[in-house]
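Now for the letters of each chain:
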Amino acid sequence: MEGNIVALGQAIGAGLACIGMGGAAIGVGNVFAAYLSGALRNPSAASSQTATLFIGMALAEALGIFSFLVALLLMFVGV
Amino acid sequence: MAAGAEEASPFNIHPMDQFAIKPLFGGHELNFYTPTNQTLWLAIAVLAIFVLLVMGVRGRALVPSRSQSVAEIIYGFVRKMVEDVTGKQGLAYFPYIMTLFMLILMSNMLGLLPYSFTSTSHIAVTGVLAMLVFLAVTIIGFAKHGIGFLKLFWVMSAPWWIRPVLAIIEVISFFVRPASHSIRLAGNMMAGHAVIKVFAGFAGALGVGAVVPIVAITAVFGLELLVSFLQAYVFAILTCVYLNDALHPGH
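Each protein sequence line maps, in turn, to chains A and B. For any residue, its number in the working numbering is found by taking its place in the first sequence, counting from 1, and adding 39. For any residue, its number in the working numbering is found by taking its place in the second sequence, counting from 1, and adding 154.
Honestly, I wouldn't trust all of these hints.
[To be verified] On the chain B side, residues computed to face chain A include the following (Cβ under 7 Å):
1) M170
2) A174
3) I175
4) S334
5) R338
6) A345
7) I391
[Unchecked claim] Selected chain A positions facing chain B (Cβ under 8 Å, derived; list incomplete):
8) G61
9) F105
10) F107
11) L108
12) L112
Derived by calculation from the structure, the hints in this document are not laboratory data. From a predicted model like this one, the values you see are computed outputs, not experimental measurements. We put the CB at the ideal spot given by N, CA and C, even for glycine.
Please model the complete structure; the sequences and the hints are all you need to start from.
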């Protein structure tokens, strides 16, 4: 266990970057929760909004994927 | 990193190994003309599309066979999506969006086969697809509306003093589109397929207790089937949304 400060920093940085994915999880959860509560109140309008639902989901999820990408770059692309 | 990954498990699976690009016929050098596993799996995807959409509807039966009805359902689904989002004018671009959808769907799905390679997990592939969409949208916008396409960045419904600020934000969000469009697809595919491999690594390390990760792999695989379809759908529908901006600028 000799000290390798770069590997330590990479691992810590990648772990910190994954916090951002939690934010995306909250966002995607909000999108689907709002859709579901709207859809249960007015089921006849629900099917016309699925496209909007998936666009919203994709936009929220992209930011989480960005932080995942940062973590991957830290772990697997040599510094 | 990679330190410690070598002796971590008896099966020694590194979750990122499946994304390595290797030349098909031995050797190590990669030139732009070298046939790689990437080339192979993209070709298989094209072949699968051909079999489904060309051979499948060859009979043109009034009562469709199974493959014909699958092809017809996919065709109707994408056509309805294009028409809903972009209106009648967008139907001129339907063939391109159908091509994108089928190529991404088949690449994603084929990547789920064991020992296969996911072509869409590489930003080089998705980046080209997203960049073509971006260029096409910009060119179509300027060709149809001339300088009026710039109205896209000038939000008329906002108060006048906030419009310059919004214009800056709109310009940035316009130019970030190809990046987010491509990274979303590649990131989703890479993450999902790596998760399956990570669970497979657990199964190798646990011995008899491997039943738990194997059940988990089954569940994750089901989720990945959904994600594969969903990402192809999202890519296609976002292409439609961007195209709609080019056809009808102005908010």
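A quick look at each hint next to the structure:
1. M170: holds (6 Å)
2. A174: violated (11 Å)
3. I175: violated (14 Å)
4. S334: holds (5 Å)
5. R338: holds (5 Å)
6. A345: Holds, about 6 Å.
7. I391: Holds, because the Cβ-Cβ distance from I391(B) to chain A comes to roughly 6 Å (cut-off 7 Å).
8. G61: violated (14 Å)
9. F105: holds (7 Å)
10. F107: Result: holds, 6 Å to nearest chain B Cβ.
11. L108: holds (6 Å)
12. L112: violated (11 Å)
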